[in-house]
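Make a model of the complete structure from these sequences and hints.
The opening residue of the sequence shown carries number 1 in full-length UniProt numbering; numbering runs sequentially from there.
These are computed hints drawn from the structure, not numbers from a lab.
Derived pair list, reagent style DMTMM-like, types lysine to aspartate or glutamate, alpha-carbon separation capped at 20 Å:
1) K179 to E210
2) K244 to E267
3) K260 to E184
What follows is a set of in silico ranges between Cβ atoms, one per label pair, in the way DEER data are often shown:
4) A237 to A170: 40 to 48 Å
5) G308 to E82: 19 to 27 Å
6) D72 to H52: 19 to 27 Å
7) A170 to K260: 21 to 29 Å
8) A45 to G279: 52 to 60 Å
9) S129 to E82: 27 to 35 Å
Computed from a prediction, not measured in an experiment: that's the story for all the values here. All residues carry an ideal CB built from backbone N, CA and C; glycine is no exception.
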Amino acid sequence: MDVQGRSSVVIDCEVRPQVFRPTAGAERSETGAPVRHGIVQDWDALERLDLHAFPGDQPLILVEPAQIGQEDAEQLAELAFEGLDVPRLCLANAAQLALYADYAARQGAAEGHAPGGSLTGLVVESGDSLTTVTPIVDGFIISSGVRCSPLAGARVTCELQSLLRRHRAAGPLTWARCKQLKEEQVCARPMHGGDEGGSSTLEDAWQAAEVLFRPSSGTRKDSGHGLAGIIEDAVQACPIDARKALFGNIVLGGGNALLKGLPARLEAELSALLSQRLGPKARPVPVRVSVHPRLARHAVWLGGSVLGASDGEAYQESGRAAVEQASLTLRIS
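Below is the structure:
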């Protein structure tokens with residue numbers, strides 16, 4: 001029990017490098033992916049993959065994206081019970097799990113201090129092909145504010161590859177190589193950053209990330225909002241009394257969230273957008289964007305661990321509030 005009389009569960013996690021590494025010069029797999037942009041494209045392939053990965057006698061937490069339809073959710077449940085023969089199933093939203101992980105990790109970081117973390121926040125899950133923005137208040141999704149965008153990791157990789165080819169950069173410019181260069185060198189330019197000088201390769205590293213904030217600046221000249229505009233639009237679609245808390249707890253997740261300089265750039269752009277909307281005489285709204293470097297890639301999985309450690313009867317009785325009612329601590333090493 002903790003000092004507040006809540007049941008206490010401590011989850012120790014060690015995040016290690018991936019076990020299976022691509023061979024030298026590996027390219028993008030040409031094998032069709034069962035799931036693309038968060039939507040199942042090939043149910044037979046998904047079942048074969050699941051049968052290979054999961055033992056049938058274990059309870060299963062199945063992650064569903066925010067944009068999943070009722071029919072697909074029912075088919076996932078059918079696959080779990082009939083195809084995998086699992087004894088129990090929980091369909092959990094990816095953004096909620098990411099926020100659970102952030103909440104529990106802050107509890108772990110605050111050991112001996114005042115508890116941190118909140119189950120109210122805006123989760124920006126940015127992976128390879130899709131960025132999903134999900135507002136969550138007291139553990140519940142505000143569906144009117146959910147937004148999806150293709151401005152994600154693959155878009156940055158594509159932009160970097162185009163820029164390097166234009167400048168005839170040395171070495172192979174395969175997709176795998178450009179993705180590696182992106183992860184190692186690409187970073188978000190400060191909002192008011194000027195010309196940094198240096199080589200064209202360095203400038204390409206800045207410019208490739210800029211497509212996330214100004215899509216029209218890219219080689220494809222895409223239209224629409226950048227990430228900051230999408231986030232602001234998502235929050236403005238939520239109840240007015242929740243907006244301040246959402247802006248104050250923006251949690252980044254997914255591999256693309258590890259882009260260097262991304263939190264600071266988003267904070268600056270969102271603060272500027274809010275200042276324009278509210279006017280110069282209004283009290284500034286605090287904007288806080290955070291990413292846990294050891295948590296971002298695995299936030300949804302770790303959030304599933306937090307949910308799985310919750311008391312089953314309490315969850316059935318009080319739903320997602322059971323995560324907060326239990327003193328859940330996630331310690332990441």
